[in-house]
Amino acid sequence: MSYNPKVSIIIPTFNLSKILMNRSIKSVLDQTYQNIECLVIDDGSTDDTEEKVKNLMTHEPRLKYFKLKNGGQSVAKNFGIKQAQGEFIAFNDHDDAYLPEYVQKAVEAFRHLPADVAYLSGGVINEDEFGRKTYYLPQLEPFWKLSIGNGWVFRQSAFEKFGIHSDPSMSGFEDLDLHLQFRQHFRGYVIDVPLRLYFLRTRPSSSALSSSEYHKRFVRSFENFFTKYEKLYENQGEEAISWLCFFGGLVYMRASQVDKGRLFLKRSRQRQPSFKNILYSGFATFGYKPFLIFDNFKNSFMRVIRSLLLNRVP
Numbered sequence: 001m002s003y004n005p006k007v008s009i010i011i012p013t014f015n016l017s018k019i020l021m022n023r024s025i026k027s028v029l030d031q032t033y034q035n036i037e038c039l040v041i042d043d044g045s046t047d048d049t050e051e052k053v054k055n056l057m058t059h060e061p062r063l064k065y066f067k068l069k070n071g072g073q074s075v076a077k078n079f080g081i082k083q084a085q086g087e088f089i090a091f092n093d094h095d096d097a098y099l100p101e102y103v104q105k106a107v108e109a110f111r112h113l114p115a116d117v118a119y120l121s122g123g124v125i126n127e128d129e130f131g132r133k134t135y136y137l138p139q140l141e142p143f144w145k146l147s148i149g150n151g152w153v154f155r156q157s158a159f160e161k162f163g164i165h166s167d168p169s170m171s172g173f174e175d176l177d178l179h180l181q182f183r184q185h186f187r188g189y190v191i192d193v194p195l196r197l198y199f200l201r202t203r204p205s206s207s208a209l210s211s212s213e214y215h216k217r218f219v220r221s222f223e224n225f226f227t228k229y230e231k232l233y234e235n236q237g238e239e240a241i242s243w244l245c246f247f248g249g250l251v252y253m254r255a256s257q258v259d260k261g262r263l264f265l266k267r268s269r270q271r272q273p274s275f276k277n278i279l280y281s282g283f284a285t286f287g288y289k290p291f292l293i294f295d296n297f298k299n300s301f302m303r304v305i306r307s308l309l310l311n312r313v314p
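Residue numbers (this note's numbering): 1 to 314.
Bear in mind the hints are in silico, worked out from the structure with no lab data behind them. Be aware that a few hints might be false.
As the list claims (entries may be wrong) - In silico lysine-lysine, BS3-like type, Cα no more than 30 Å apart, as pairs:
no. : residue 1 : residue 2
1   : Lys26     : Lys6
2   : Lys289    : Lys216
3   : Lys145    : Lys52
Computed from a predicted structure; not experimentally measured.
Please model the entire structure based on the sequences and the hints provided.
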């Protein structure tokens, strides 16, 4: 008897109809594996998303559309999980794409993997705005660094059995939180073949880089994440808790909450000194603006370096 489980692919979206239709939805419907349903969860779009998706639905029975009040990506994901009819659930960003054999490869892998492997992904081709491509393979360890979510495939039963969900209180950290929820009960798996296409936004808007208002929205999310997982990171050793404190320091500094930022960067340095946390701690002592200038310069520099790396796509 052939193995042909249904796979539900959930695409949360908001005001990006053209790219949603031409890239994300198209890549899902063009999969070599046919037993799928594609659930578009519209998070309150005000553009022509609804019209375009519904027009396609008239001759594409695998496509479903749901419109919600704007509540954020986690709310859209959780709604999609509840609506999904498949044995497996996957997510796709509205501006990214699956390569044609992704779902086929995922189903074949799950067929031969033990039941305690509940989530998997494949290699990712990162493409920047200039068309330059590099290959990235997600690493399952150290598990406390890995964000999973969009682009990963999950056993549907895992969500039900342990009440796993995308937490709306952790916007910006929800994918890392999702991984930690899964990691407590299951193992993951990565297929070393390029199966997803991720479009890098290498030129964020200047307002995103310079305005503390943009970053303040992540402060509460980090505080929720830190409260929930501080003990877990402590139990993983000095490297883990140092990493978490460094991450928190960046969140606070970028939101112009300098005192908290300095405190977390100091904690990171004390737990496990590194060139990076010593350097960032040093710039934090000069205040918000000098720190932000350094942080923006470093990020821009690293984007240039990454674009020059010769990571060949397999």
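task = Sort out whether Lys52 lies within 30 Å of Lys145, counting only the CA atoms.
result = Roughly 38 Å separates the two Cα atoms, so the pair is violated.
key: Restraint check for Lys289 with Lys216, where alpha carbons must lie at most 30 Å apart   = Status holds; Cα separation ~15 Å.
key: Satisfaction of hint between Lys6 and Lys26, Cα-Cα up to 30 Å   = With Cα atoms ~18 Å apart, Lys26 and Lys6 stay inside 30 Å; holds.
Checked against the numbered hints above, the structure violates only hint 3.
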